[in-house]
Each structure stands twice: as C-alpha cells, then as structure tokens.
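S.K.: Given next are the chains, with one letter for each unit.
2 protein chains.
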Amino acid sequence: MWSRCSFGALRAHTHRYLLTPAFTQTVRFSCGTTTNMGAIGTRTVDTTERLAKLRELLKKPENNVKAFFVPSEDQHFSEYPAHSDERRAFISGFNGSAGCAIITLRDAFLFTDGRYFLQASQQLDSNWKLMKQGLPVEDVPTWQEFLSKHLEQGTRIGIDPTLISAADAESLKKSLEPRGSELVSLQQNPVDIVWGKDRPPCPHNSVFPLDIKYAAGETFQNKLQRLREEITKKNAVASVVTLLDEVAWLFNLRGTDIDFNPVFFAYAVVTPKEAILFMNDAQAQHSIKTFLGSDVEIRPYESFIPSLRQLTTTLGANKEKPMLLGDKTSLAVVEAIGQENAVLIPSPVAAMKAIKNKTEIEGFRKCHIRDGAALIRYFAWLEEQLNGGAELNESQAAAKLEEFRSELDLFRGLSFTTISSTGPNAAVIHYSPDPNDCAIIRKDQIYLCDSGGQYLDGTTDVTRTLHFGTPTDEEKRAFTRVLQGHISIDTAVFPIGTSGVDSFARRALWQEGWGNRYTFITPEYRHGTGHGVGHFLNVHEGPHGIGTRIAYNSTSLKAGMTVSNEPGYYADGRYGIRTESVVIVREAKTPNNFGNGYLCFERVTMCPIQTKLIDFSVLTAQEKEWLNSYHAETLEKVGPLLRNDRRALQWLERECSPV
Amino acid sequence: MWSRCSFGALRAHTHRYLLTPAFTQTVRFSCGTTTNMGAIGTRTVDTTERLAKLRELLKKPENNVKAFFVPSEDQHFSEYPAHSDERRAFISGFNGSAGCAIITLRDAFLFTDGRYFLQASQQLDSNWKLMKQGLPVEDVPTWQEFLSKHLEQGTRIGIDPTLISAADAESLKKSLEPRGSELVSLQQNPVDIVWGKDRPPCPHNSVFPLDIKYAAGETFQNKLQRLREEITKKNAVASVVTLLDEVAWLFNLRGTDIDFNPVFFAYAVVTPKEAILFMNDAQAQHSIKTFLGSDVEIRPYESFIPSLRQLTTTLGANKEKPMLLGDKTSLAVVEAIGQENAVLIPSPVAAMKAIKNKTEIEGFRKCHIRDGAALIRYFAWLEEQLNGGAELNESQAAAKLEEFRSELDLFRGLSFTTISSTGPNAAVIHYSPDPNDCAIIRKDQIYLCDSGGQYLDGTTDVTRTLHFGTPTDEEKRAFTRVLQGHISIDTAVFPIGTSGVDSFARRALWQEGWGNRYTFITPEYRHGTGHGVGHFLNVHEGPHGIGTRIAYNSTSLKAGMTVSNEPGYYADGRYGIRTESVVIVREAKTPNNFGNGYLCFERVTMCPIQTKLIDFSVLTAQEKEWLNSYHAETLEKVGPLLRNDRRALQWLERECSPV
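Protein chains in written order, with the UniProt record's numbering: chain A, 1 to 659; chain B, 1 to 659.
If we strip away everything but chain A, and leave its shape as in the complex, we get:
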C-alpha cells in the first residue's frame, strides 16, 4: 500500500480525536476524509466566528503575531506535523487529506493541490481564499513563497511547535530571514482554544506486552542495551524516543489507541542507566508494570515535557554530551531540551527496528501464508458473487475480506483501510470506498484490492488486480508491464550499498511510454516502488524503501529489512493496476562475491497473480518460469489452509495452473 501522504503514518478512520497541546506526540493521522466534518463537497461550517475568535487570540500580548500557519501533514513526506489536518479542517471547513492554512489578521488562505480543488472550493466559505498549488499557468505562490515573500516585512508568524518538525521549522526560519520575518512558537494552539471542549478526547485503550518467543524475538532489555551502545558511541547522555512505533518496538509493548497501528500514546527517554517510559496512568496496568519490572521507570504521559527540561539539567546535557533526537522530532521537544543540548540524527531506534530478527522474519513468513488464505477465500467468493449476478459495492466486498481475515489465527485487525476499487476508482491511488456512497463492483472492469492485516506475528500488505470478465488488450498490456517490473524487482541481485534498483520496476512500463505511476503527475509526486513494513507495527515504516527519494539513497537496503514490491500503472479515469507483495531483504548467494556482498529479495506474500490479465506476447520465457514457480509455491503453502473452503481451493488451483 502506497499513499502520498502517509509514510510512517498512523491512521484513524473510525474515531477521530485530538490531543491537547500537552500531548505533543509525534503521530499522524489519516489521509482519508474526517468523519466529523460532513461528506466531501458539502459546506457544513461557517468559519466567520471561529476566525474572529482566532484573530483575537493572535493579537493577545502572549502571542502578538500577525499570522498563524497550520502546516499540512504530508508536506515533504515528513511524519510531521502531528494532528495538523484536523485543526486545519476545523478552522477552514476543508477536510481533504492535503492542504495547509495561513490565517492573517485580515485574510485566510488555504493551499492545496489539484486533487482537492473541487472539494476545497465547495467546502471553503467566503472567508477563505483558495490557493491552487501546482498550476504552472496561474501565478499562485506556494505557501513557502507566500510566507517568505508575500507577507509584510518583519511579520511574526505563529506556529504550534508540536505540529512541525524542528528540521522543517529550521528551513522555514531561514527562508523568512531575508524579509526579517520570524516563526514564533505559541504556548498553546489558538485553534484548540477556539475549538475548546468540542475537540474529541484522546483514547486510552489497553496496552499489552508482546510474547518474546513467538513474536518479538528479542527482550526489551536487550534492545535497551543496544540503544545504550548507540548512546555511548555517539557520546551522548540520552536518547529521546518520540515516535509511537519506536516506543512500542523498544519496550515490546503494543496498544490499540490508533486504528490499524498497534501502538499507544507514549514517549521514552533512555540513558546509559535509566529507561523512562511516559504513558497514561490509565494504561499502565499492573501487568505492564510487572512485565517491565525494575528495568523501566513509568512516568505520567503529561509529565514528558517538564521531565525533559529537568532531565536536560540532571543529565548535564550540552553540546559535547547531547541528548540524541530522531531527525523527525518536533520543534516543541527540541525547544524543551534547548537546541544547544540536542543533536538531531536519523533515529537509531528506527534503524534497529528496520532490521527484523529471526523470530520476526519467521512470523512474517507465517502470517503472510495465513493472510493469503483469507485473500484467496475472498477472491473466490467475490468471483462467485459476481458470476451469480450479485450487486456488491466496493465497501461491502471489503467487509467480506475483513471477515475472512478476522477468522485467522493471531489476527489483530487490519493494517490499513482496505482499498477495494473498481474501474476508474482503481486509478485513485489513495482511494478508500465510502460505505455510504461507493461504486458497485463491475464484471467488465478492473478490480484492484490493496489490503493488509495486523497479526501478532507480523503485518501484511498486498495488492492484487483482477478482472472478472474479459479485460481489454490495453489492460492486459498494462498489467503485464507492471508484472514485469514486479518480477524484475523480485529477482534482482544487487551489491550492498546500492540504491539503484528502482528503475528495474519501471523499465517494462517505459517501453510502452508509460511512466510508472507517480513519476510524472507532478514533480513532487514521485513515489517509489516499495516502502518498509513494520512487524506487527505500522504498515509503513522507514527509513528504507525502494525508490528515488533522497532518504532511500542515503539509507540502503540491508539484510533483514522488509519492504513492499509494488509497481503500478494508473490510467486516470479508467482503471488502475498494482501488483504488490512484501519481500524480505536477504543476503544473496552469488557464484562470486566481488565487493562487500550482495543482496536479494525473498517474497513472502502468497496470493496468485491473475494470468487472465497477462499479455503473453511480451512476457519472456524467464518471466513465465517465475510465474509458474511463484504459483506452485503459493499452492503448496496456502492450499492446506483451505481444506474447509472448497470454493477457495478450487479457485486457487485454477489460478495457479502453469502457463
């Protein structure tokens, strides 16, 4: 599953809430539509009163700013800012998944891209001016240009420091310097004050420890030890862990505070001698305290920022012996510690977490076989339904898939909202069907299903594209070119340290004059071929991936990493194709071993690739061989799990027939 706006994101579609400013958690929410804002396209909010109240707050002496900036959650693919979109939706009325707002004492501007021009123009009232981004013909400034060049000289621009990473804030500050403007961290987010008690509360659901032998594979004590070695190596006094999945991984704990992502609200500070976990009192049950024992001190979640200030002093953090912060840490955390006492580096916890241990790898293999069984049962059922003339919409079908998954051992929920999409909807990359208003699945259209589950032993993310009728020649050609890219990645062998495999996924599509999806939509809309996958954690995790992102070039793949292999092709308004499997990076056994060693991929996703959609005129003999071998493996591994579903087993056997 790829999503423009949610690399490493945590998603919450069902229930929506926001944290008080004290909860400066580095977590992001859904790219989907907010359910409390009304359906897309409906103007539900008159923002006059909200804006008036907000402007009064901006003028107050403790703030004294002439503008307030609400950043977009997905800018620069960073994990920041946290919860920003909800605030923007509340204050502007526009609830699309991408956009930022700038409110001055007189005007209000909403910046968004082409995907949301219609929605924004319908949802914004006359208090707002829509700033259409990415249109070369119109001379609309970007929000960066607007802040740095269009606002008056010497403007104090307010920001909520919990909504922006320290790194992004730094570059923003630099761009403001030439005009003498400055970014001012406000004590409390004025949008929150306006919103008041109506803001949804924060969940405090149960937290549970992970089994070491069957799930985690390594004690938290050992992980802490490894982190302490990093702290010593970096000559630091402590490591501050701010990302939810990093805290969960580090302590072998999981939660259910956020849909799709088995995490809970927490922070941690690890020193050479101490490990302090900041979590909600209500969630720190007796069992958790027993599990963590004397190795970890639990402190209240609310005490994090004051504790940070105090720890900075107690530990004597300074330039020579700093606190280690991940490079996505919020401005609020950096300000609490003091920039001079901190060093921002690629998170050492992320680097440790990315490389899966033997138990996690074995779990990945096992849960993908089970997950494959649910998918196969689903596709067999769907085919029968459609052949029988049933009228099923995309959401109803997705619900059936969830039902099949929920019957599986160790299932703990979906890993993201199922993308169940027919025809033109399949071309919408971050599509998810609205249960109340979505398309009927048609036999004469491509059907794309991108879905995944959370299991105690791993996380899955798989896309298969099918046609239940007769595909067109073009659809077959596109499907085959995508498949060739998928196979080219799957079979690649490459030297350790190389970041150049991404073009293997695109070569076949290029032959047709089909840029891989993303490549050409807009310059900033370039996605890669694969993202990291967490182990019973976020379905998207960094720092690695396959693609052209700068981060990927500086973070090469390493043995033990898990990554998706998902080339795609999107014919706007007509159909979309994606073939996605999860692969594990492994050492390659090459005949020679010139250099520092070679890597290859082990596929773990087990679900047939529809041969009906293949244009055999362009497939090579080697590619056919690959397909037959993959199908034989899938049949062998998943077949035994389908003893009680004759329809699914027959479907699997048919789909796995050699070509």
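Pairs count within a copy or across copies, as identical chains cannot be separated in the list.
Below, computed lysine-lysine pairings styled on DSS-like, alpha-carbon distance capped at 25 Å: (1) Lys174 with Lys319; (2) Lys66 with Lys149; (3) Lys234 with Lys149.
Source of the hints: derived by calculation from the structure; they are not laboratory data.
Predicted model only: the values in this text are computed from it and were never measured.
Got chain A sorted already, so can you dock chain B onto it with the hints?
M.R.: Frame of chain A, contents of chain B only:
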C-alpha cells in the same frame, strides 16, 4: 574508452611541451608516461638543485610563501589543473599519470595512489617523501589534510592559478581557514622559472575551418547567435569560453596542436555585439581570417588576460550584469575578471555542443560504418596472424589497426591511444602498450581492443573483446554478463529527465556477484557506463553521461546527444572485458507517451560482437534476437566496404552468422 584521469582530457603522447604562464589555457594532457622523463622505474633526475632554486623563489618578497602546491591533473575528475603533471614530473622526477606535490622550505612531499607506489619509490630521490594515498592501515594524511592540518598555522601556500579551477581553489581555501592558512596565487609559476629555456615549446600547428554542409551543420554565426541568447537570458554582459573544444566547436574551426584532439590553443569572449577569438598570430592565417570575416575579431593569444581585465571595465561587468564563466574556469581567469564581476555556471557552450545537429548525426553514422570496416579488417588480419603463429606484441598490432584506419576517407588521426591488451593487461583500465616494452598477444588469452578515430564527419570510440583460442567458462560467463548489460542499455526506453538507466548495465553482472568494473575498487573510483563523445572533437565530452556521478544526475540525457555504452568486467591480474559502442540519444516512438516524452538509443558502432565468447545458457531469446539483428545490420552496412579485402569480408560473414 573510459579513463579515470582523462574525462574531457586532451592527450599528447608523442611530443610534449609546456606553455609559459601567460598561456593560461584550460587544457589537460596525457595520463600516459611522459617521454622526456625517461622510462618508468628509472631514476633520471637529481632534484637537489631544482628544489634549492625553487625554494629561493618561494622566499622572494613578491612571493613570500612557505609552501608551493602542484595539484594533480586528475583530482575530482575535473578538467583542471592544466599542465600540472609536467611541472610535478620536472620538479620531483616522478612522471606517473596521477600525483600531486607539496614543497615546503624544508621538505618535499609527493602524494600518489596505489597504482604508482612502486614507480614513485623508484623515481623519487632522497629529497622527496612519498605519501602513499588510499592505504587505510597506514596513517598517511591526504594532500588536503596535509595542507589544512599538517602545515604550520598561518602558512601562506603558493599556487599557480592557471593550474587549478576557481571552484577547486575556493573549497581548498575554505579548508585552510580554520588554521589561518591561505592560498596565494603566484605571478609566475616558480617551477617554470627553474625549468627555464629547457621547457618544450608550444606547438602552433595549422588551423582549418570545418565544412558547413558536410561536417559542422550549423554556421558559427548561428552558434554565436544562440550563445548570445543565453547571455541575454542570463542577464550577463559576455560569455568567456576557455575550453579548447568549446572554442573549436563555436567557431567551426579545428586544429592539430594536440594529439588525438583536433583543437588549437585559443580563448574566446562573446558579447551581445562582439566575438573575440584569441589565437596565436602564426595560426591566424589568411584563410581563417577570410572564413571568420567581420563577424569575429582576432586578437593575439598572449593578450587574453590583459584583454579580459580591460573588457571587464569596458563592458561594465558587475554583480548584476556579470561575465558568464564555465564552472571549470581557472582561478587565473576569475582573478583577472574579479570574482565579483563573474558568475560560474555549467558552460552554455558545452550544453549546446552536446546536442548534435542533423549533419553531425549523419556524420556519426557514416564514420562509424567506415571505422567498423577498419576494425573488421584488423581483427581478421590479427586472427590470421595468430593462427599462423606470428609473434606480435600489443603495440605492433595497434599499429596495424592505425594503418587500416588511416586508409579510410576523411580520417584525421586516432581519437586516443589504442588500448591493445592481452590477458592481464586487459584488466588494466587505462592501459596503453609501451612500444618498447609490451606483451606478446597470446591465442590462449582474452584480447581487449579499445580504439577510435577522428574523422571530418565524426569521432569513434569502440571496444571489442575477443578470444582467438578457446575461452574458459568463466571468461564466457563474464563476457555474456557484460553483453547483457550492453544490450540492456542499448534497448532501454526511458522518460526524458530520468537518470536511472545505469543499473541496467550492471544487473546481469550483479546476478553473478560481479560488481561492474569501478563499482567496488575504491569509493572514489566509481565510473559510469558511458561518456559523451564529441563530433570530430574530444572523444570524451561532458556534461552528460550514463553513470552514478552527481554531474550525470543533474544533466539528464537529451535527444541528439552521443554517448558510449560500455559496461565492463575486470578480473585483476587475469583478464578484462569491455563491449563498447557509441549510441545516439533519440526520441522513442512508444505506443503511449505518458509524461514529457521518452528517449532511446540508436547504436552507430558497427563491428561484430564475438559469439564464441557467449555463454548461451544465460542469454535470453530476446537477447539472441538482438544479437542477430545487430550482426545483420553490421554485415549489411559494413560488408560493401570490404570488397577489396576478402579475408575481412569472410571474417565478417562468419562473425555475423545468426546464433
């Protein structure tokens, strides 16, 4: 032809000379051995007296420096410094192709890499300390570290500003700042003063205009007009053209001042109204003056630097309306203009020159067919010789190839020293056989021949690897993996703006655990898969190429560019393999055209690829098809030129038999 040390380089093997300091030409010489310094490995120079004289000069009030730095010509793959190696060879006695020297008032240090440790230790006398670079076990500082950290604080370090690019000087100055040391441009190179009248004179060979209709394809007036548009677009007052091939291209002139590169010593300054060509009086014959007419003012070569100073004033160059300089311009030129009046940018002339016009492209096609005929005649002859038991050394064989080439229409010399190498010598990437001491070509070894010619209608550069006996399985596997990379590049289709095709050349090698040559030797020794090729100009030209260099990522391929396709594999001490053809970048006619358009390659080199060396077990059906189609094309195009060489025609027919 790839060479570590000569990207864009001009080569001069036969006669060697050096310019006086007034000749601040941006030109580089051979990577080979200097012929006036005695054979490799022989100590011929006692440097005591030279160093004593040099140190006296350093101490003089007009210099007043405590150290003198003679940079290496090949550092950072820049085209700088010019003529530096000869000076270093004179003052140190070491005449290898890579190395730099630092002479202080007390000591003298020579820095070179592993290829030259033996040679340097034999050639340097006791006045010199050899600083072995690239050995991680020994704690030898790099020359940068030496200058910035080992010299006394506050050292004034002398440099000849004609020998270093302004950009390199800038970064060097920055590294010296922390210790308060500084780089001082000396008025005259003290090595030259010590050398005195014994320095070889500069050649002033004839210069001739290029035929517009059959060779240049565009009048120089039109080129000047296009350059003037660039000047206006950049809001500049003039463009200073300092590279020899750029001057030659701009004025449709060619010369023979430098072996292998049909250029002559010249500079140019182009303003919106004027075009001034600085060239030697002796070379500015009547025919040249007639050709250039009133559009170009010719001034003496020696007047360039004084003229620059004067033009800066006359044209009123300043920060807002600067002089445009190519980013490889020497410190001397920048100092003459004044840094505040100049802007260093990627050369606009290089960008124009890189895209070949229709006439040039047609010339490329034609000269490659003729060139192929010479190569085929040579290989057929060589095979017969070896089968007949002849004892031929690498250099004798190369001479025969030159003989065949010299019989061709429009031939104007070789484009570089022929790399004629047997067995282990083929693994030495910048090998060129010493006529007095080189290996006998053996039937039981790989033979690698990398060569090219200069023709009035184009420049060639081709490598073929052959075996005249029975190759080993490993040799065949390596040859085939290289060939697969070559085919993968040749058949690639890619979107305009993409720089990710390089890994296509490496994929097949990686499958074997064989990093492409260069990839793993040392981190800085990473070369690409292809370099730009001039049109009856330097065989290496920028700014484009295929590879992982940063420059290539910022300069994407464009239709009309010429580039080599030369993956290789090098088994150190045993054999080397390279298959190189020149290709023209063309618009691809793809079934679809999603995005901004697609590019592909048109191969123009016409010479068989030895099928005897192919391991057919790994070749795909598509690759066999490619090979047969290439051979059919080669036979059809070159066959008719071999009417008078029955042996060559038979060889060609045999080598082009379908597989």
